[in-house]
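Quick note: the sequence shown, position 121, residue 121 per the working numbering, numbers continuous.
Note that these hints are calculated values from the structure, not bench results.
Here the structure is a predicted model, which means the values were calculated and not measured.
No incorrect hints appear here.
Distance ranges between label pairs, derived from CB positions: (1) S103 <-> L165: 18 to 24 Å; (2) P65 <-> A182: 27 to 33 Å; (3) P16 <-> S116: 54 to 60 Å.
For each residue, glycine too, the CB sits at the ideal point set by N, CA and C.
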Amino acid sequence: MQTSAVPDLAHNHARPVHWLATATAMAAVVAAAGLLQPDRARAGQTGGREAIAATAPAPEATGVPLPLECGGAPTLVVERATGDLDGDGGPEAVVAARCEAGSGTPPSGIYVLARSRAGESRVVATLLEPARRQSADGLAVRDGAVTAVLLGYSSPDVPRCCPDLRQTVKWRWSGGKFTESAEDADGTRSG
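Kindly generate the complete structure, drawing on both the sequences and the hints.
Right under this line is the structure:
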């Protein structure tokens, strides 16, 4: 058996006070690591979907296939508004889009965009179908509601450059879907 060059080592026999000191030091290191954790990591652990939604920017329409039938012509987003429409704390985007035409006023579609779980923009609702043959103006999101002025035509004889009907419309998320209400030209509500 070989003997140690160092006389009797102090830690050959651990005493309870040594174990207590080691445990206290380890607890201090773990506590300090928890306090010095970056905000992003802490928000993701405690906030869930709402915290992530609140920090994510509103969806963009770039690259999102909009349900417009343009016969090969490109689509054009003419207006965009953002806001929290469903009360989850994260912003949605609302876009008015139409086919890009050389003349006249092609009908608009109004679409609600949200982020998928993977963070990609996607269409989640259609508020105005292009088949209604109206164009949108003054698109806005206020107090959780979408508003727009819809321009239309009283007859097929009205030139497509010059809509002669005007109606303010509001859409609000209620009961799992968007409900539409309209304000007539005299200021009264319908719908």
